[in-house]
Amino acid sequence: MIKLENVSKAFGGKTVLSGLSYEFAEGKRFVVTGASGVGKTTLLRLICGLIRPDAGRVEVAEGARVRAVFQEDRLLPWRTVLRNVTLESGDGAYARSLLSELGLAEEAEAFPASLSGGMSRRVAIARALCAEPDVLLLDEPFNGLDPDMKARTAALIFDKMRGKTVITVAHDAEVFAEYTDETLALSPPEEEEAPESGRITEQK
Amino acid sequence: MRTSTIQSKRPKLKKAAVAVFTAVFWLGVWQLAAVLIDQSIVLSPPLTVFETLFRLAGTGAFWLTVALSALRIFCGFALGVLAGVAFAVLTRVSRVAYTLFSPMMSVIRATPVASFIIMLLFFSENEYIPTVTAFLMVFPMIWANTFKGIEETDVKLIEMSKVFGLSRRAKLREIYLPSVEPYFVPAALSSLGFAWKAGVAAEVLAAPKYAVGGMLYRAKIYLETPEMLAWTICVIIISMLLEWLLSSLLRRRSAERSAAYDKA
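Keeping their order, the protein sequence lines are chains A and R. Just so it is clear: in the first sequence, position 161 is 161 by the working numbering, and no numbers are missing. Quick note: to get the working numbering, add 1000 to the position in the second sequence (first position is 1).
The following block holds chain A by itself, in its conformation from the complex:
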């Protein structure tokens, strides 16, 4: 479904990814872990096409709808919660059901500025789910959520994404333990090293 071949990416001379090869199989659930600055977010940005690799190839199956929950919520401040969620699909009924499952039924007509951090996070998640993606990219999706809400939100995401691909970047991978098929652990690229090395991949 998504294939990375020898992908390298540097920003301002600082190598973030070097010679990364990996295949995200269709319908599986992946967690990407690693210390900060190892290129987890860069990896997601490469997959959703916001940036191009300096070297190597990123292949995404044709026609696959890739949608994302970014590290920041990126909600439209001038639109209501409901309008933000239906931004792409326009499906109000589904949006309302997602919001209510995420405990936001009352906030549908509110504007993002009136929401707490955790609420905005869930709106961003609802927006991505409402788009009914084939591939869902989650960048630290549970920041600002309490443990109960984390569990509830994770259950909803993986229920809605059943049989589809989910790639989650998280430092608290344990929350996702029961929803993980494969873990990709990124480590910082070592200086002056051959491009193939510096990556550990473990299969669960």
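It is possible that part of the hints are untrue.
As the list claims (entries may be wrong) - Pairs of lysine-lysine, PhoX-like flavour, derived with a Cα cap of 25 Å: (1) R:K1220 / A:K164; (2) A:K28 / A:K160; (3) R:K1220 / R:K1209; (4) A:K3 / R:K1162; (5) A:K14 / A:K28; (6) A:K164 / A:K28; (7) A:K3 / A:K164; (8) R:K1156 / R:K1171; (9) A:K160 / R:K1162; (10) A:K164 / A:K150; (11) R:K1171 / R:K1197; (12) A:K14 / R:K1156.
Stated by the list, open to error - One side of the interface only, derived from the structure: several residues of chain A facing chain R at Cβ under 10 Å: (13) C48; (14) G49; (15) R52; (16) R65; (17) A68; (18) E72; (19) R74; (20) L76; (21) P77; (22) R79.
It should be emphasised that the hints constitute simulated quantities derived from the structure, not laboratory data. Idealized CB from N, CA, C, for every residue including glycine.
Following the hints, position chain R against chain A.
Structure of chain R alone, referenced to chain A:
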């Protein structure tokens, strides 16, 4: 925003009383000054001026003059807005266009209105000079502010719109227009005021047929101070009226939005 909300909560009657008091106070000052100077040619008393204004307003020529002036200047304003927005998009998209046009905008903005009018007198029909002058006031202002608005549009929202596959139209409606609006609306309002005043100044010099500025000039030539002041009051009233009209048109939507923000 908050201040205006508080003000609007004040009883309307009290507001009106304050307005009347202020008006009476300044009319009193004007009257006193006129009495002290005691030369109607230098400063006519308010009563004489308002009498003249009402007499003028009773003639068809007055309304034709006002309508044609407003039309000429509003055309310049509308063209300035269209060109300003179009150039803002062009210069934002193309670095070459920006490099070429931004010095031109600075020059237009720094040039005195009178210089434009005199230059235009050489090679334009007098009829069009107020329109072109108004255009030249509005164009760089709208350009600069719209450009700034596009430039300040949140890159993160644009990225989001790419990932969510929004069409160009949806991007424009959902992201660019709301981002540019807070820059565009104040620029449009203040440039309308500038356009109107500069347009009337152009009419003074170019003297096309049926023009408020032409009437001002005529009153000055014949030392008709009450008439000159009456036309000036007319210019002020129209300026306020235009601004009120445009702001109620443009602000309705942003007021709703900021009400929503204020609730937050």
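Discussion item. For a quick check of understanding: which of the numbered hints are violated here, in increasing order?
Written reply: 1, 5, 11 and 15
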